[in-house]
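Number of protein chains: 6
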Amino acid sequence: MPQPDHVSALGIPDPADLDDDLKAVWAKCVEKLGFVPGVYGAYSLRPQRLRNFMAMYNEIMLAPSGLSKLEREMVAVVVSSANRCYYCLVAHGAAVRKLSGDPELGEMMAFNYRVAKLDARQRAMLDYAWKLTTALHLVDEADRDALRGAGLSNEDIFDLSETVAFFNLSNRMAAATDMMPNKEYHRLER
Amino acid sequence: MPQPDHVSALGIPDPADLDDDLKAVWAKCVEKLGFVPGVYGAYSLRPQRLRNFMAMYNEIMLAPSGLSKLEREMVAVVVSSANRCYYCLVAHGAAVRKLSGDPELGEMMAFNYRVAKLDARQRAMLDYAWKLTTALHLVDEADRDALRGAGLSNEDIFDLSETVAFFNLSNRMAAATDMMPNKEYHRLER
Amino acid sequence: MPQPDHVSALGIPDPADLDDDLKAVWAKCVEKLGFVPGVYGAYSLRPQRLRNFMAMYNEIMLAPSGLSKLEREMVAVVVSSANRCYYCLVAHGAAVRKLSGDPELGEMMAFNYRVAKLDARQRAMLDYAWKLTTALHLVDEADRDALRGAGLSNEDIFDLSETVAFFNLSNRMAAATDMMPNKEYHRLER
Amino acid sequence: MPQPDHVSALGIPDPADLDDDLKAVWAKCVEKLGFVPGVYGAYSLRPQRLRNFMAMYNEIMLAPSGLSKLEREMVAVVVSSANRCYYCLVAHGAAVRKLSGDPELGEMMAFNYRVAKLDARQRAMLDYAWKLTTALHLVDEADRDALRGAGLSNEDIFDLSETVAFFNLSNRMAAATDMMPNKEYHRLER
Amino acid sequence: MPQPDHVSALGIPDPADLDDDLKAVWAKCVEKLGFVPGVYGAYSLRPQRLRNFMAMYNEIMLAPSGLSKLEREMVAVVVSSANRCYYCLVAHGAAVRKLSGDPELGEMMAFNYRVAKLDARQRAMLDYAWKLTTALHLVDEADRDALRGAGLSNEDIFDLSETVAFFNLSNRMAAATDMMPNKEYHRLER
Amino acid sequence: MPQPDHVSALGIPDPADLDDDLKAVWAKCVEKLGFVPGVYGAYSLRPQRLRNFMAMYNEIMLAPSGLSKLEREMVAVVVSSANRCYYCLVAHGAAVRKLSGDPELGEMMAFNYRVAKLDARQRAMLDYAWKLTTALHLVDEADRDALRGAGLSNEDIFDLSETVAFFNLSNRMAAATDMMPNKEYHRLER
Chain D
1090 MPQPDHVSAL
1100 GIPDPADLDD
1110 DLKAVWAKCV
1120 EKLGFVPGVY
1130 GAYSLRPQRL
1140 RNFMAMYNEI
1150 MLAPSGLSKL
1160 EREMVAVVVS
1170 SANRCYYCLV
1180 AHGAAVRKLS
1190 GDPELGEMMA
1200 FNYRVAKLDA
1210 RQRAMLDYAW
1220 KLTTALHLVD
1230 EADRDALRGA
1240 GLSNEDIFDL
1250 SETVAFFNLS
1260 NRMAAATDMM
1270 PNKEYHRLER
Chain B
1090 MPQPDHVSAL
1100 GIPDPADLDD
1110 DLKAVWAKCV
1120 EKLGFVPGVY
1130 GAYSLRPQRL
1140 RNFMAMYNEI
1150 MLAPSGLSKL
1160 EREMVAVVVS
1170 SANRCYYCLV
1180 AHGAAVRKLS
1190 GDPELGEMMA
1200 FNYRVAKLDA
1210 RQRAMLDYAW
1220 KLTTALHLVD
1230 EADRDALRGA
1240 GLSNEDIFDL
1250 SETVAFFNLS
1260 NRMAAATDMM
1270 PNKEYHRLER
Chain H
1090 MPQPDHVSAL
1100 GIPDPADLDD
1110 DLKAVWAKCV
1120 EKLGFVPGVY
1130 GAYSLRPQRL
1140 RNFMAMYNEI
1150 MLAPSGLSKL
1160 EREMVAVVVS
1170 SANRCYYCLV
1180 AHGAAVRKLS
1190 GDPELGEMMA
1200 FNYRVAKLDA
1210 RQRAMLDYAW
1220 KLTTALHLVD
1230 EADRDALRGA
1240 GLSNEDIFDL
1250 SETVAFFNLS
1260 NRMAAATDMM
1270 PNKEYHRLER
Chain E
1090 MPQPDHVSAL
1100 GIPDPADLDD
1110 DLKAVWAKCV
1120 EKLGFVPGVY
1130 GAYSLRPQRL
1140 RNFMAMYNEI
1150 MLAPSGLSKL
1160 EREMVAVVVS
1170 SANRCYYCLV
1180 AHGAAVRKLS
1190 GDPELGEMMA
1200 FNYRVAKLDA
1210 RQRAMLDYAW
1220 KLTTALHLVD
1230 EADRDALRGA
1240 GLSNEDIFDL
1250 SETVAFFNLS
1260 NRMAAATDMM
1270 PNKEYHRLER
Chain X
1090 MPQPDHVSAL
1100 GIPDPADLDD
1110 DLKAVWAKCV
1120 EKLGFVPGVY
1130 GAYSLRPQRL
1140 RNFMAMYNEI
1150 MLAPSGLSKL
1160 EREMVAVVVS
1170 SANRCYYCLV
1180 AHGAAVRKLS
1190 GDPELGEMMA
1200 FNYRVAKLDA
1210 RQRAMLDYAW
1220 KLTTALHLVD
1230 EADRDALRGA
1240 GLSNEDIFDL
1250 SETVAFFNLS
1260 NRMAAATDMM
1270 PNKEYHRLER
Chain R
1090 MPQPDHVSAL
1100 GIPDPADLDD
1110 DLKAVWAKCV
1120 EKLGFVPGVY
1130 GAYSLRPQRL
1140 RNFMAMYNEI
1150 MLAPSGLSKL
1160 EREMVAVVVS
1170 SANRCYYCLV
1180 AHGAAVRKLS
1190 GDPELGEMMA
1200 FNYRVAKLDA
1210 RQRAMLDYAW
1220 KLTTALHLVD
1230 EADRDALRGA
1240 GLSNEDIFDL
1250 SETVAFFNLS
1260 NRMAAATDMM
1270 PNKEYHRLER
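Chains as they are written, first to last, in the working numbering: chain D, 1090 to 1279; chain B, 1090 to 1279; chain H, 1090 to 1279; chain E, 1090 to 1279; chain X, 1090 to 1279; chain R, 1090 to 1279.
The hints are simulated quantities; they were obtained by calculation from the structure and are not laboratory data. Please note that the accuracy of each hint is not assured.
Which copy is meant is left open, because identical chains are indistinguishable; a pair holds if it fits in one copy or across any two.
With a straight-line Cα cutoff of 25 Å, these simulated DSS-like cross-link-like pairs (lysine-lysine) come out [as the list claims (entries may be wrong)]:
hint, residue 1, residue 2
1, 1112, 1220
2, 1272, 1187
3, 1112, 1206
4, 1272, 1206
5, 1158, 1187
6, 1272, 1112
7, 1206, 1121
8, 1117, 1206
9, 1272, 1220
10, 1117, 1220
11, 1121, 1220
12, 1206, 1220
Just need the whole structure built from these sequences, with the hints factored in.
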């Protein structure tokens, strides 16, 4: 059967009706990626909320941090795997493939990160991401100490935690809107 | 034993060293509330991230929306109850007590919202908040239709969902930093 | 909306029709507390069962034991937190506040006891209470040894276990009858 | 390997040192059953608590009630099955076999009650017992109405609920003490 | 009420219509056991699938292996206990009683294997069986090393794992067909 | 880091030492697929068990049945998704892509089948596969009736159930051996 062609089950406004700053974002996405990510489309139902989401996203995923961009994308995919979020697994799985140049690593993060051969630092980060996602009430000083033991500073732990927290937000927005990923992601970097 | 007196297990900078815009936020909090909420202190370890967090928080909890401010606080507490987040249960439980003038309602939201007598709209919102928090991979069109049947528009469902999603973020930041609520919250509006 | 004003969803007899020994209990409660606890009202539907319940309750919570009364109330609240029992969290949360003189400790026990600063003995007791409540089939000699290592005798372990077991009984009676706590508890010792 | 021969991992006093009323209970058990049930032995570490336990047990399992004695034992086994309690499955499984004259029914209750052919009333009672045991925070008026629809009065629902609640207590005492059932139960009524 | 007398809820063909090789199996079962196991009856709806099932079953349970036949049956029962599979608990519980000559051991395996006194090798095998059944995505090299530390070779681990895996298959076939065990099993070796 | 290059954590024999019938299987695989699937390699540690596994696999996945080959592969992937089995998600995800010509469908099955637009028959099959995998003790006649209502015969339900059951076996063998999929699968049919 033909698969869902909506971007969001809650509907989205006509891009032609967006404010100029958002039209500029749309244009820049098309220029750089060839398409506007579905999450932007879905969020454009509430333009100011989209602006806040983009600001937070860009800071967490792109700004300077003790975590590499690949590490942040690995965390994004592992959180989305725990939550079984289709949109984010497709979109950020592609990002792991691109940043690592290793298509198998992308699938390992999405299916079960525990099968991957990782160094101690990355394994500690992903174990923490899983626990903070699935049982946050059990996180305690021992978990922070495990990350410190793997070389993370307090600032690094903050950034890691906010990455985990942010994808727990965006996974839920994707589920709430039945957000559909752009088809371009599927074939990227295979 | 004396209880934890830290604001964040990851440490926080001296408020005297914050940028001027944040100092102004600090001053405004003291003026209006009598204290700076712990979440701002904890987040000030990474100032730009704090700015993004505040922008998102203010839009979700305070901007015009089809959901009343009390409804948003009820959602905040129910999400935090599902996640067993100490900081948010204390701080937002106080907000439910204040906005509703009903201390028992605050405790019902925190302990088990199902015992409260609620109208169909509020009950549908809280059932959805619980499901989107604990089993997002099962949320589907039937859940959205239940909300529509209770009178929510697509924009209302978006706002409700983002409130749920946001507290799934902030609950995790609280757990990650062992964030301690200001003592003032405990006695508020009893 | 006005909150539930029943004591039990299964109905209760007119207190004027109770046997004399129970009338005396009612009178003594009013004298000491100012009200008759809802659990007695709910249980009075079956008077002999109420007598047995009171006998067991009084022995477990009030009789001499290696556990202090505060420790027993802390265990009661942590069990009720694991089970999300509204009645017992309200009533015994108040007792923790009263016996400890520490309102925050009461809320920590109710929301997530792991955030509290506790000595090793109390932490061991509460970890055991959580496990015996949520996964009793996994309790084994290692758990008993952990308690012994924290200074508990076999008799203390028995008393602790029966406290846990008893609130697993009473939490279920509260859920079964939609038992509503007396409003007086909410404001107590804040 | 030889299986555990203790009655309780917390130790028990010498029966010769028990108070006279308990010695009389011991003697009566031997006369009627041929042995003293392990649960009495384990509980004799704390004699007054044993007295309370026996009073409650006798009222719940043996006193007049809208539930038959077989129904009460079926509930006991289903609760113990949900909790995976070895002692109670052995001892009360034997009771179901004896009261029903149907050894297969005893095993169905212990292994998975859903495979049994039951009338609507018994099935409703066991579904309720399972839910009140495993997810008490979700029990609500719809559950009570289902029982009423199957013919139970409010008093019957009370008695059913207290049976469920009581075995949630005794399952935990068995786990806490590694309580070992008397060997006689195993062969009974096969 | 009379208990289910079907062998499979999906129906079974008349044994008189089976192919000759299967008729021979039926005859051999009657000769050796006095009856045809229900699982063969249920599977005979799809004869070639039955042949494959029997070949796999015989190799796993009866062929030479580093695991004794009793150990394989203990594993079968513990897997079936985790899955709450009525048919397999009845049929293989009987096998444990028969091979061990210890009826209590059979019930311990079925109800909660952790109460049994086992040597380190058997305990390690059963802990592994439980984990591979209930949380296979968490099984890793540490689990294999624990088995090696208890004396199992790689071939032994393979055989153990396939026994666990096979009963995860057959438990599901029993649930899918509401497979009813032969009454003869219940009284066997008590 | 370089990813695992083993086929099985339990080791495998040199293919040159295999019996002639297995050598012929190896040769045929290379001829048809270009490689020997890792599962055959891992299973070759125990040759007779491999033969039984192949016989069962071929019957379930390739023999005539009321379920199409694509439907069987969709079931395989959904079971493997519930169990988070890396090997089977990679290998059978590729099969769904190939048989459907729809790469997105393969990812939907692997990540969260509920987002796919499916006809009622396929949706019923996958809901059943999920339940039989994750909560087999709750499967009952209502589940079989739902499948019948979607047009499945008793034979179809048998075949569907055995497909679910079989991947519950093979997922566990993959976890037990840390089975690594052939790299060729990753790029197939993107």
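Hints, one by one, checked against the model:
{"no.": "1", "hint": "1112 / 1220", "in the structure": "neither (39 Å within a copy, 34 Å between copies)"}
{"no.": "2", "hint": "1272 / 1187", "in the structure": "both (16 Å within a copy, 17 Å between copies)"}
{"no.": "3", "hint": "1112 / 1206", "in the structure": "neither (43 Å within a copy, 31 Å between copies)"}
{"no.": "4", "hint": "1272 / 1206", "in the structure": "between (30 Å within a copy, 15 Å between copies)"}
{"no.": "5", "hint": "1158 / 1187", "in the structure": "within (11 Å within a copy, 33 Å between copies)"}
{"no.": "6", "hint": "1272 / 1112", "in the structure": "within (21 Å within a copy, 42 Å between copies)"}
{"no.": "7", "hint": "1206 / 1121", "in the structure": "neither (32 Å within a copy, 30 Å between copies)"}
{"no.": "8", "hint": "1117 / 1206", "in the structure": "neither (37 Å within a copy, 32 Å between copies)"}
{"no.": "9", "hint": "1272 / 1220", "in the structure": "neither (31 Å within a copy, 28 Å between copies)"}
{"no.": "10", "hint": "1117 / 1220", "in the structure": "neither (36 Å within a copy, 36 Å between copies)"}
{"no.": "11", "hint": "1121 / 1220", "in the structure": "neither (35 Å within a copy, 37 Å between copies)"}
{"no.": "12", "hint": "1206 / 1220", "in the structure": "both (19 Å within a copy, 22 Å between copies)"}
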